[in-house]
Each structure stands twice: as structure tokens, then as C-alpha cells.
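Participant: Here is what each chain is made of, one letter per residue.
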Amino acid sequence: MKRIKIFDLFLHAVMISLALVWIYPYLWLFMSSFKPAREIFTTFVPSRFTLEHYEFIFLMSGRLGRPFVRALLNSVFVASTVTFSVVMTSAFVGFTLAKIRFALSRLIFNFILYQMLFPGFMFLIPLFILVRTFGLMNSYLALILPGLLSSWGTFMFAQSFKTIPDDYIDAAKLDGANRFWIVLRVMLPLTRSTASIVGLFTFIGTWDNFLWPLMVMKDYKKMPLAVLLATFNHEYAGYVGPVLAGAVLQTIPMVLIFLILRKYFLQGISMSLR
Amino acid sequence: MASLSAKEKRFGTGIIAFYLTHTAIFWGYPFVWMVMLAFSRWRFVGRPTFVGLANFLRILQDSNFIRIVLNTLNFLAYLIPMLLISSLIFAIALSRMRYFKTFVVMSFLVANVSSGVAYSIMFSNLFAVNGPLNRIVYSLFGFTIPWFSDPRLAVFSICLIVTWKFVGYYGMIIYAGLQAIPSSLFEAAKMDGASNWKIFWTITLPLLNPSLITVTVFATTLTFGIFTEPYMITGGGPMMRTMTLLIYMYDTAFRRIDPSYATVVAIATAVMSFSLVIVIRRIFEREVALV
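Protein chains in written order, with the working numbering: chain A, 31 to 304; chain B, 83 to 373.
Don't take each hint at face value.
Only pairs whose alpha carbons sit at most 25 Å apart, straight line, appear in this in silico BS3-like list of lysine-lysine [unchecked claim]:
(1) Lys91/B / Lys192/A
(2) Lys203/A / Lys89/B
(3) Lys35/A / Lys272/B
(4) Lys247/B / Lys293/A
(5) Lys293/A / Lys183/B
(6) Lys247/B / Lys183/B
(7) Lys192/A / Lys35/A
(8) Lys192/A / Lys89/B
(9) Lys91/B / Lys203/A
(10) Lys183/B / Lys35/A
(11) Lys280/B / Lys35/A
(12) Lys192/A / Lys203/A
Worth flagging that the hints you see were computed from the coordinates, not collected in a lab.
Go ahead and model the full structure; you've got the sequences and the hints to work with.
Facilitator: This is the structure we're talking about:
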């Protein structure tokens, strides 16, 4: 018995220290963005804290033609538009496929499964050609339009709507509710966790998307933060402080939304095991 | 199924028409272009000229492409064992923990929501020649480790940071599989006098097959899609060792202005990734029935 106790103590100690090792890079990044430039690589706890890197990013970088604040707002705008659209369109298409009987529904559902087999990178160059042909290069539309629908999101909603009895719909219909009302006010609240999972993963995926915006966005004013940060890191590698402050800026929204919706993140993970 | 009224029909038709239009434009049209580009030669201007299978013959003789396929195998050889073993250990250790469990899970998962660009910058500085990690190594052993500048080490270093990012996520997948095994099985085996080691090999591992396969498949598709880390940290170097298929696709399309060949690179990547996944499933997947 005693041996097991000691083993458990040891196990806890190891796992907790590993957890600290795992968050150490974040802590280092965060601390470093407040350190004087000379101390970034030398000390963990600096002699004094400074906001100079953030000042540079928020106030001066615009004059270099690298507007970080705008880029942050661009990212917020693009990621939230895409997320909102994906949740809505997935809910409506998913509802139609799961709850309305029509000739093509089986076929379209199978097609969505088939679509998910193709990795996104196969379509990048043809999509680039499409965007160029429509004259959408360097526009927000190039970042938003291809992501308005998601076959994965549609699939998730269709699956969870199938588990909801038709009685809910019939009752709402008796009360005179129309289709839009039924989806928005009856079905969506019943599948809140699906909506959160789809929204969370779509937001993280869009915020973190790098290759696509790198291809279609050369205008510094409309770049999402990921691309602006990458080009800034490339051109001004000597400005370590501001680069790290920019990385903090890029990380914080994702970590915040993860901490708020962590419950659904865990649900989403266990769902990937079919 | 609800009964079908005229109103319902209009609603359904409207939604489906919207879906089909978007899919036709942003999936169907690119798909047609992809097939067309694969069999033609085109440099962003004029009309594509049909060249038959020339692009596919070219890729088989392209020494750069072969180098990059070898790199990808190198990535796979590090990443799959690293991710599989570490997430398995993580899951088993986690299932034996009683206190601070949430803290441990959150610390490992928060690594997964790091943005590709930001964490590449973070680690390229942490692992820099004069960075904090090398300072510690130098003060202890008197030398520094060229994490990203040594051709033999660079791939391993990138795999290390990818493992940092994904071990929590994959660990939780295996943990979910572990929770699905009824504890009565372990208790029965213990009663029969089986050792922990034997229980692990004959009960835990076989019953975890579905989640282990899921992780292996995820890790495989992940490896074929690596772009941001080497693009940001090494730029494909040193000596092209960290050049990945997607970097090659991007470079071919936009630096060498050869989108038709780049499309064939993308197709080849998808085919390799897909076939490897099928092979893994065929060889290692077992039917597991829990009563």
C-alpha cells in the first residue's frame, strides 16, 4: 500500500512539473514582451518592466506601413464574420438535410461526406485563380467568401438535429412559427453544444489560417494579423521585442476564447473518436 | 419526418439552392480547374495548353520533389512515434491522477490553441543560438545546440515543437478511449493475478486500438500539411532538409510562376497522404467490441 502512495505522489509531481514546462514558453513570451530589448534573452525576471514594444506596435508601426492595430481588427472582423456565417449556414443546411424530406437530400448528405475527404490544400491554387478572375485579390471578400459554408459544420449540425424528435418542430408549427423561427429559436438552443463546438473550431481555424491569406493578401492595410506578423518578422527580424509583442497579440484572443469555451473544446475532442 | 407543405418546400429549396450555388462556385469550379491544370501547362496568363501526362512524368523525375518526399518520411518517422508514445503516456498518467487534473489538462491543451505563426516565432527565439534554452545548455555543458541550423537536427526540432502543440489534444483523444474501457475488466484481470505490464499489453493496448488509430491518422494528415513552422523558422533550409510539400507547392506556384506543376504537387501530396492513411487502417485497425 505504501509503495502505491509514493508512486502516486511521484506521478503527480511529474505531471504537474510537465504542465509547468508546457506553459513555460507562453510565460516566457509574455514576460519577454515587457522586457527591455537587451534583457530578452538574458533574464527571466527583468530589471524593469517596459511598455516600449507595445508602444511601438500600437503607435509607431503604422508609420512603417505595418499597421498592427488594423491587422488585429482585420483578424477579428474576418474570423467573426466567417464563424457567424458558418454556424448559421451549417444550422440551416443541416436542418434541411436532417428534417425536410426531399429528393436530393440523401445525395447531398453523401456528397458532403465525400467533400470532407479532400484536404483543403488541394484547392488553394485553383481557388486563387478563381479569386483573381473575379478581381477579388487584396479584398476582405477573398478571405471571407470561400469560408461562408463548411461541410464539416453542416455534417455536425445534421447529425445532432437527427437526434431531436420531430415533436418539437410540430409543436412550434402549431404555434404558428415559421421555418426560420424554428431553426433559430427551437433547434439552435437545443443543440447549443454543437453550435459552440462548430463556432469555436471555426474561429480558431480562421484566426490561425495562414497559407490562404498569405496567397491572396498583399495589401498591408487589409492583412490579418497572422500574415502581417509573419512579414514583419521577416523584414524586421532585429526588432525582437515588437515581434514578440505581436506574437502575444496574436495568441491572446485564441487563448481567451479557449478558456471561455474549454468545456466544448473537450467535447469536440472526444467527438473525434467515432 | 414532418409533413411537406408548399411553404416547407420553398424553404428547403431556397436553402439547398444557396448551398448548391456556393458549392458550385467555391468547390466545383476550383475542382474543374484543378483537373484541367494537372494536364496542362500554364503560367497565369493566356490559355492553358494541354500537355497530357507530362506534369506527372516530370514529378517522378524531379530531384527536388524526391528530396522533399524523403523529408516528409523523415518528419513521419519522428512525429508519429513521438506523438503516439507521448500522448499514450500522457493519457495513462492522467487517468491515474486525482488532484490538479484540470490544471494539467488545461496547460497541455492551451498549447494546442497557439497560433501557427505566433508559436513559430516564440520557439525560434527560445531555441535561438543565443536564446534562453541554449544559455542554460551552455552554462551546464559548455556548448550550444544548433536546433534549427543543423541539417540533421532541424527536422527533429520542428517535430519537437509540433509535439509540444499536439500532445495534449491527442492525449485527450486516447484518454477518452481509456475512459470507455469498463474498469471491471481491469479488476477481473487483477483478481486473476495478472501483472500491470501484462494488463497493459493484453487489455489496455488492444482495447485502445480505435483511439490509437485515430491519433495515427490525424498525425499522418498533419505531417503532410506542415507549412507554417518551417516556412517561419527555417524557410525550408538548412540544405532543404525542412522543405515540406506545401512549401514546395507555394514556391512552385508563386516564385517559379508554375501553377500547373504546383497543382500536380498538391495532388501528389493528397494522394500520398490518403494512401498512407488507408495502409495504416488496413494493417493496424482491429474490430473492438465492448460488451
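Participant: Would the hint linking Lys91/B and Lys192/A be met if the CA-CA limit is 25 Å?
Facilitator: holds (19 Å)
Participant: What's the verdict on Lys247/B and Lys183/B, does the C-alpha distance respect the 25 Å limit or exceed it?
Facilitator: holds (19 Å)
Participant: Just to be careful, I want the Cα atoms of Lys280/B and Lys35/A compared with a cutoff of 25 Å; is the pair within it?
Facilitator: Distance ~22 Å between Lys280/B and Lys35/A Cα, so the pair holds.
Participant: Given the hinted pair Lys183/B and Lys35/A, is their alpha-carbon gap at most 25 Å?
Facilitator: Within the cut-off at roughly 17 Å; holds.
Participant: Check the hint pairing Lys192/A with Lys203/A against an upper bound of 25 Å on the C-alpha distance.
Facilitator: Holds. Lys192/A to Lys203/A sits at ~18 Å (cutoff 25 Å).
Participant: Hey, Lys247/B versus Lys293/A, does the alpha-carbon distance stay inside 25 Å?
Facilitator: Answer holds: Lys247/B to Lys293/A is near 19 Å, not above 25 Å.
Participant: Within a Cα-Cα threshold of 25 Å, do Lys35/A and Lys272/B meet the stated pairing?
Facilitator: Holds, at about 18 Å.
Participant: Within 25 Å, alpha carbon to alpha carbon, are Lys192/A and Lys35/A?
Facilitator: violated (48 Å)
Participant: Need the status of pair Lys91/B, Lys203/A: alpha-carbon distance at most 25 Å?
Facilitator: OK: Lys91/B and Lys203/A at ~15 Å, within 25 Å.
Participant: Mind checking the alpha carbons of Lys293/A and Lys183/B for me, to see if they're no more than 25 Å apart?
Facilitator: Holds. Lys293/A to Lys183/B sits at ~14 Å (cutoff 25 Å).
Participant: For a C-alpha distance cap of 25 Å, please report whether Lys203/A and Lys89/B respect it.
Facilitator: Within the cut-off at roughly 12 Å; holds.
Participant: Are the Cα positions of Lys192/A and Lys89/B separated by 25 Å at most?
Facilitator: holds (21 Å)
When each numbered hint is compared with the structure, a violation occurs for hint 7 only.
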